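Chemist: As given, the protein sequences belong to chains A, B, C and D, one line each in that order. Its first residue numbered 6, the first sequence is counted upward by one per residue in the working numbering. Its first residue numbered 6, the second sequence is counted upward by one per residue in the working numbering. Its first residue numbered 108, the third sequence is counted upward by one per residue in the working numbering. Its first residue numbered 108, the fourth sequence is counted upward by one per residue in the working numbering.
None of these hints come from the bench; they were simulated from the model. Just so you know, these numbers come straight off a predicted model, no measurement behind them. Do not rely on the hints blindly, as some may be mistaken.
Stated by the list, open to error - Derived DSS-like pairs (lysine-lysine); straight-line CA-CA distance at most 30 Å:
no.	chain 1	residue 1	chain 2	residue 2
1	C	K172	C	K210
2	D	K148	D	K275
3	A	K285	B	K46
4	A	K323	A	K181
5	B	K181	B	K323
6	B	K323	B	K102
7	D	K148	D	K109
8	A	K285	B	K44
9	A	K102	A	K181
10	B	K259	B	K323
11	A	K285	B	K7
12	D	K109	D	K198
13	D	K227	B	K181
14	D	K227	B	K249
15	C	K172	C	K109
16	A	K7	B	K285
17	C	K148	C	K201
18	C	K148	A	K7
19	C	K198	C	K176
20	C	K227	A	K249
21	D	K109	D	K172
22	C	K172	C	K227
23	D	K315	D	K210
24	C	K227	A	K181
25	B	K7	A	K7
26	D	K118	D	K315
27	C	K198	C	K118
28	B	K44	A	K46
29	B	K259	A	K44
30	A	K323	B	K46
31	B	K44	A	K259
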Amino acid sequence: MKKFINNIDDILIESLNGFATAHTDLVSLHLAPNFLTRKNKAQNKVAIISGGGSGHEPLHAGYIGYGMLDAACPGHVFTSPTPDQMLAAAETVHAGKGILFIVKNYAGDVMNFEMAAEMLPFESATVLTSDDCAVVNSTYTSGRRGVAGTVIVEKCVGSLAETGATLQACKALGDKVNNRTASIGVALTSCTVPAAGRPTFDISDTELEMGVGIHGEPGRRRETMREADEIVSDCVDAILTDFKLRNIEPAENKAALLLINGFGATPLMELYLIYNTAAKLFNQHGIQISRSLVGNYTTALDMAGVSVTLCLLDDEIKQHWDSPVHTAALRVGM
Amino acid sequence: MKKFINNIDDILIESLNGFATAHTDLVSLHLAPNFLTRKNKAQNKVAIISGGGSGHEPLHAGYIGYGMLDAACPGHVFTSPTPDQMLAAAETVHAGKGILFIVKNYAGDVMNFEMAAEMLPFESATVLTSDDCAVVNSTYTSGRRGVAGTVIVEKCVGSLAETGATLQACKALGDKVNNRTASIGVALTSCTVPAAGRPTFDISDTELEMGVGIHGEPGRRRETMREADEIVSDCVDAILTDFKLRNIEPAENKAALLLINGFGATPLMELYLIYNTAAKLFNQHGIQISRSLVGNYTTALDMAGVSVTLCLLDDEIKQHWDSPVHTAALRVGM
Amino acid sequence: MKTDFIINAAKAVQQTIITNEHTLESLDREIGDGDHYINMKRGTTAIAGMHIELASLPPAEALNKIGLKLLSTIGGASGPLLASFFMAMAKMLKENGDESNLKFAEAFAAGVQAIIQRGKADIGEKTMLDVLIPVADQFVLLTTQNCDVKLVCASLMHTAEQGMLATKSLIATKGRAAGLGERAIGHIDPGAKSCQLMIEAVCNLILKE
Amino acid sequence: MKTDFIINAAKAVQQTIITNEHTLESLDREIGDGDHYINMKRGTTAIAGMHIELASLPPAEALNKIGLKLLSTIGGASGPLLASFFMAMAKMLKENGDESNLKFAEAFAAGVQAIIQRGKADIGEKTMLDVLIPVADQFVLLTTQNCDVKLVCASLMHTAEQGMLATKSLIATKGRAAGLGERAIGHIDPGAKSCQLMIEAVCNLILKE
Ligand SMILES: Nc1ncnc2c1ncn2[C@@H]1O[C@H](COP(=O)(O)OP(=O)(O)O)[C@@H](O)[C@H]1O
Ligand SMILES: Nc1ncnc2c1ncn2[C@@H]1O[C@H](COP(=O)(O)OP(=O)(O)O)[C@@H](O)[C@H]1O
Ligand SMILES: [Mg+2]
Ligand SMILES: [Mg+2]
Ligand SMILES: [Mg+2]
Ligand SMILES: [Mg+2]
Numbered sequence: 006m007k008k009f010i011n012n013i014d015d016i017l018i019e020s021l022n023g024f025a026t027a028h029t030d031l032v033s034l035h036l037a038p039n040f041l042t043r044k045n046k047a048q049n050k051v052a053i054i055s056g057g058g059s060g061h062e063p064l065h066a067g068y069i070g071y072g073m074l075d076a077a078c079p080g081h082v083f084t085s086p087t088p089d090q091m092l093a094a095a096e097t098v099h100a101g102k103g104i105l106f107i108v109k110n111y112a113g114d115v116m117n118f119e120m121a122a123e124m125l126p127f128e129s130a131t132v133l134t135s136d137d138c139a140v141v142n143s144t145y146t147s148g149r150r151g152v153a154g155t156v157i158v159e160k161c162v163g164s165l166a167e168t169g170a171t172l173q174a175c176k177a178l179g180d181k182v183n184n185r186t187a188s189i190g191v192a193l194t195s196c197t198v199p200a201a202g203r204p205t206f207d208i209s210d211t212e213l214e215m216g217v218g219i220h221g222e223p224g225r226r227r228e229t230m231r232e233a234d235e236i237v238s239d240c241v242d243a244i245l246t247d248f249k250l251r252n253i254e255p256a257e258n259k260a261a262l263l264l265i266n267g268f269g270a271t272p273l274m275e276l277y278l279i280y281n282t283a284a285k286l287f288n289q290h291g292i293q294i295s296r297s298l299v300g301n302y303t304t305a306l307d308m309a310g311v312s313v314t315l316c317l318l319d320d321e322i323k324q325h326w327d328s329p330v331h332t333a334a335l336r337v338g339m
Numbered sequence: 006m007k008k009f010i011n012n013i014d015d016i017l018i019e020s021l022n023g024f025a026t027a028h029t030d031l032v033s034l035h036l037a038p039n040f041l042t043r044k045n046k047a048q049n050k051v052a053i054i055s056g057g058g059s060g061h062e063p064l065h066a067g068y069i070g071y072g073m074l075d076a077a078c079p080g081h082v083f084t085s086p087t088p089d090q091m092l093a094a095a096e097t098v099h100a101g102k103g104i105l106f107i108v109k110n111y112a113g114d115v116m117n118f119e120m121a122a123e124m125l126p127f128e129s130a131t132v133l134t135s136d137d138c139a140v141v142n143s144t145y146t147s148g149r150r151g152v153a154g155t156v157i158v159e160k161c162v163g164s165l166a167e168t169g170a171t172l173q174a175c176k177a178l179g180d181k182v183n184n185r186t187a188s189i190g191v192a193l194t195s196c197t198v199p200a201a202g203r204p205t206f207d208i209s210d211t212e213l214e215m216g217v218g219i220h221g222e223p224g225r226r227r228e229t230m231r232e233a234d235e236i237v238s239d240c241v242d243a244i245l246t247d248f249k250l251r252n253i254e255p256a257e258n259k260a261a262l263l264l265i266n267g268f269g270a271t272p273l274m275e276l277y278l279i280y281n282t283a284a285k286l287f288n289q290h291g292i293q294i295s296r297s298l299v300g301n302y303t304t305a306l307d308m309a310g311v312s313v314t315l316c317l318l319d320d321e322i323k324q325h326w327d328s329p330v331h332t333a334a335l336r337v338g339m
Numbered sequence: 108m109k110t111d112f113i114i115n116a117a118k119a120v121q122q123t124i125i126t127n128e129h130t131l132e133s134l135d136r137e138i139g140d141g142d143h144y145i146n147m148k149r150g151t152t153a154i155a156g157m158h159i160e161l162a163s164l165p166p167a168e169a170l171n172k173i174g175l176k177l178l179s180t181i182g183g184a185s186g187p188l189l190a191s192f193f194m195a196m197a198k199m200l201k202e203n204g205d206e207s208n209l210k211f212a213e214a215f216a217a218g219v220q221a222i223i224q225r226g227k228a229d230i231g232e233k234t235m236l237d238v239l240i241p242v243a244d245q246f247v248l249l250t251t252q253n254c255d256v257k258l259v260c261a262s263l264m265h266t267a268e269q270g271m272l273a274t275k276s277l278i279a280t281k282g283r284a285a286g287l288g289e290r291a292i293g294h295i296d297p298g299a300k301s302c303q304l305m306i307e308a309v310c311n312l313i314l315k316e
Numbered sequence: 108m109k110t111d112f113i114i115n116a117a118k119a120v121q122q123t124i125i126t127n128e129h130t131l132e133s134l135d136r137e138i139g140d141g142d143h144y145i146n147m148k149r150g151t152t153a154i155a156g157m158h159i160e161l162a163s164l165p166p167a168e169a170l171n172k173i174g175l176k177l178l179s180t181i182g183g184a185s186g187p188l189l190a191s192f193f194m195a196m197a198k199m200l201k202e203n204g205d206e207s208n209l210k211f212a213e214a215f216a217a218g219v220q221a222i223i224q225r226g227k228a229d230i231g232e233k234t235m236l237d238v239l240i241p242v243a244d245q246f247v248l249l250t251t252q253n254c255d256v257k258l259v260c261a262s263l264m265h266t267a268e269q270g271m272l273a274t275k276s277l278i279a280t281k282g283r284a285a286g287l288g289e290r291a292i293g294h295i296d297p298g299a300k301s302c303q304l305m306i307e308a309v310c311n312l313i314l315k316e
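Whole structure, please, built from the sequences with the hints as guidance.
Modeler: Structural data, given as structure tokens:
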């Protein structure tokens, strides 16, 4: 393992410190328990808090700021944060209209946020993101995983919250966006968790992992490495099948947002090549890609790979996707 | 080699197509010869054209748009573009006030842009970027290489050009920014050029390459892998020594811009950790980091590594760094 | 059970986790995300470091403090589950009394119930519950029958081991391994393993006394 | 030299580049950026494909077209350099005439001069010029002495090889390898190697005639 680190135990704090100093105009870092908030506390709106294991940067701290999150609680690498973090963050950002937690659907995150919510002295609601359609047979699982689609949920809910909308309205929009979003990931290499010191899984030069999760969890199946168009075509099929199985229909104008997300070690050049193929294939299925996002938005440390996310837009979602946002990792119109 | 590609010969075009479709609101793609321009042609300003080998994305096409470039000419992977591209791009974006080429200082780029400039029917000037201070003894070289500092030059010159400044003024600012900027890179792994199919250099798990270039050119020397703070400290020293040797003084307020640039495969978490240390060390040397940029801005395909860039600000540079910009990879205030 | 014992047990538990670094780390790498060892190390080390503040507390309060500390140190799935265990165990001891082994067994069972409620899982889903549920049942059964404490320990260690080994042939339906389907078969669940190790460490401590 | 010969030479040159893929690719990986083979392949393949449009042109015009095509296909450092070579050679042939071997030698030397001017390099800097300058000098010398063409070819091949080999012990002061300092020693310059190969291919073609 070669990484730019000092002591494994200090990675998180040193990195958070760097983030906070680099974006001192946007965020404040609070330590022990660890959480980050907007520099300037927002007033009179639902406070939106997300969080999860670290190693997915810029998720979530990179999305703190006007139009998106009020606070983020970073756990250790790939490990859910703990309830004391959420409680302290909520205490700091609560602005009279309740707390909305946006939580990726992993047992650890769900339970830790749940315990926080139970202990919270404020009204709260939770949007569980579960866009990963890789896990086919849902009776075998505690539910679909939340992956890159989480960014779209955070953006849209964050936008709505700025308008002064109620906690219920924010939760409803979050659930809708999550429902209209599906993702699937492919890994070419494993990530290496610093504390483990070696790759999470072994994979040869002729294999890929289809349906991989953002922690390097093994996916649907190990497949033979093949050309990009074939891989992307399988991703597109998986997503369309998922919408069909869940009876989610595109809106009238069939507009969709296509997010091609790098897991950390895949060059932008390849991400755009994948975007090219994915957009073409979705178009062939009658879906108009009218919004797009290409880059590293929900990573898995140094994993080489990509996830394809499609969000079926309607006018409301589109409006909130397009609205101004000012965060470290996403900035539009301000 | 595992990459998301189809045929090696099609990578560039497929990726450019993806880029152009994903950013259809910002750019237009022209093929044979290949170049990209702003969607909406700017009027009455110096037209700024950059370009270079591909594989450094988002450089340069990601910086096309208001406040930065008017056009970019992408060469094959790590290979300079050819004069016919620059000529066609210039023809398209020329807006009556001449052409400014921003060229990274590599023999190939310099000569191809030079031949284009000689053949050009318009007035032109060239800013050569040469921020890489890795190469110590300049009598041994055709000059310092242009690396991530190029982004700062493009941003500042692009900003000035929007004000209707003359070609001479734009060139002068570009030269000043370049002069006040120094960078040094460190690689932990090699990149793999798709056409070559295997890593450009071999490097063991206990080594790093200090002073590496953005094409995986071997650097100053092969060193023993060690903790991040020591590596960053060497980078900071190299940069400060370089400024000293070149007699470049910080301005009155000692303000500087610190750019921590990932080469493609290094997680954001590590980049922020590096930022944390670098900012601290520069501060200890009396330099105030008042502006920062952390992320993959000038990459070397899938190389794991980082470059540290310091730009000594003055009021003019700061003003142009802060001004609005709207490109695929950098967006501020619009 | 005295708080002194709890403090010693915490040290033994930390020790067994650290001794089994490689096993725990590997198991979670195989069918999870590789952090179970480090999570457990962080949590058990924090507990082992609490000896001074625990020393003067009655067992129920000590266990509650341990639960809260685990809640804020482990993270992941195992954090809230193990925290819920200790907090529920503490609550039961407080309400029900702590004057017999049976009371402890009942408190242990209440802790396991809390895990079931928090994680919405049950036996056979390839989790720590495959160790904890049979151990709780056996613990209550044997202490109801007023068995000798050394015999109880030997039996619980055996039950824990059986439960842990049984996870090997299961498909996971809870936790991270749930995404794996058939591919989880052949691998022991990391949480089951760490629970078995902790039970073993505590039982061995009693046997040595 | 007739245009027919130029067309055949273009094919031979493309052939030798492709045959030496591994060598050229490795050399540029060692002290450059690894693209020299693919650059040369792209350029020489484009030229080899021009035979129809070249066929009817006088040599000078054919060489000029070749230069322009190389300019828009090779890229990198070698593109403008080799393009300048052919364009300057064409210009010289046009002005100076093409009726003797000496005229060709002088045109060749003019081409090399254009490379020197464009790249601001000279002999001893570990570039293609370490092959081209001695070859040009020798070419002019031997043709001035009216040597037999076969003898000239044999001599130029030898000179090219010597120049190419000589780059091995040099420190680079131009091109990408310039960043390497001492570390470039022990590696042959890729551009020198491709020039030597191309000269060899053309000479062999003449020898075979
Ligand atoms: N719903 C659940 N009920 C009981 N135990 C669970 C549940 N989900 C996960 N576990 C246990 O937690 C263990 C994993 O813990 P750990 O690796 O620390 O957390 P994470 O899965 O969040 O990385 C699993 O091996 C399993 O025994
Ligand atoms: N200034 C120069 N003068 C002469 N030859 C040069 C010069 N710079 C580079 N070269 C030649 O170009 C070769 C490299 O070509 P190539 O790999 O195609 O381009 P690049 O260096 O841009 O990747 C070098 O091996 C060297 O022979
Ligand atoms: Mg975890
Ligand atoms: Mg090159
Ligand atoms: Mg785990
Ligand atoms: Mg090269």
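Chemist: Hint by hint, say whether it matches the structure.
Modeler: Right, here's what the structure says about each hint:
With a C-alpha separation of about 19 Å, the suggested pair C:K172 and C:K210 falls inside the 30 Å cut-off, and the hint holds. About 23 Å separates the Cα atoms of D:K148 and D:K275, which keeps this hinted pair within 30 Å; it holds. A distance of roughly 27 Å separates the Cα atoms of A:K285 and B:K46; the hinted pair therefore holds under the 30 Å criterion. The suggested pairing of A:K323 with A:K181 holds, with an alpha-carbon distance near 12 Å, which does not exceed 30 Å.
At most 30 Å may separate the alpha-carbon atoms for a hinted pair to count; B:K181 and B:K323 meet this at roughly 12 Å. At roughly 24 Å between alpha-carbon atoms, B:K323 and B:K102 fall within 30 Å of each other, so this suggested pair holds. Under the criterion of a C-alpha separation no larger than 30 Å, the hint pairing D:K148 with D:K109 is consistent with the structure, at around 24 Å. Between A:K285 and B:K44 the alpha-carbon distance is near 21 Å, which keeps this suggested pair within the 30 Å criterion.
Of the supplied pair hints, the one linking A:K102 and A:K181 holds, its CA atoms being roughly 21 Å apart against a limit of 30 Å. A hinted pair counts as satisfied when its Cα atoms are at most 30 Å apart, and B:K259 with B:K323 qualifies at roughly 12 Å. Between A:K285 and B:K7 the alpha-carbon distance is near 23 Å, which keeps this suggested pair within the 30 Å criterion. Taking the CA atoms of D:K109 and D:K198, the gap is near 16 Å; set against the 30 Å cutoff, the hint holds.
Pair hint D:K227 plus B:K181 holds up; C-alpha atoms about 25 Å apart against a cutoff of 30 Å. For a cut-off of 30 Å, the pair hint linking D:K227 to B:K249 stands: about 29 Å separates their Cα positions. In summary, the hint linking C:K172 to C:K109 is supported, as the alpha carbons are separated by about 15 Å, within the 30 Å threshold. Between A:K7 and B:K285 the alpha-carbon distance is near 23 Å, which keeps this suggested pair within the 30 Å criterion.
For the suggested pair C:K148 and C:K201, the alpha carbons sit about 28 Å apart, so the restraint of at most 30 Å is met. Only pairs whose Cα atoms come within 30 Å are accepted, and C:K148 paired with A:K7 is accepted, the gap being roughly 23 Å. The hinted pair formed by C:K198 and C:K176 meets the criterion: a straight-line CA distance of about 16 Å does not exceed 30 Å. Our distance criterion of 30 Å between C-alpha atoms is met by C:K227 and A:K249, whose separation comes to about 29 Å.
Note on D:K109 and D:K172: the hinted pairing holds, with a Cα-Cα distance of about 15 Å set against a maximum of 30 Å. For the hint pairing C:K172 with C:K227, the CA-to-CA distance comes to about 24 Å; that is within 30 Å, so the pair holds. The hinted pair formed by D:K315 and D:K210 meets the criterion: a straight-line CA distance of about 22 Å does not exceed 30 Å. At most 30 Å may separate the alpha-carbon atoms for a hinted pair to count; C:K227 and A:K181 meet this at roughly 25 Å.
Proposed proximity of B:K7 and A:K7 is supported: the alpha carbons are some 20 Å apart, at most 30 Å. Our distance criterion of 30 Å between C-alpha atoms is met by D:K118 and D:K315, whose separation comes to about 15 Å. Of the supplied pair hints, the one linking C:K198 and C:K118 holds, its CA atoms being roughly 23 Å apart against a limit of 30 Å. Taking the CA atoms of B:K44 and A:K46, the gap is about 38 Å. The hint is violated against a cut of 30 Å.
Among the hinted pairs, B:K259 with A:K44 is consistent with the structure: their alpha-carbon atoms are about 25 Å apart, no more than 30 Å. Simply put, A:K323 and B:K46 have alpha-carbon atoms about 27 Å apart, close enough for the 30 Å limit, and the pair holds. Taking the CA atoms of B:K44 and A:K259, the gap is near 25 Å; set against the 30 Å cutoff, the hint holds.
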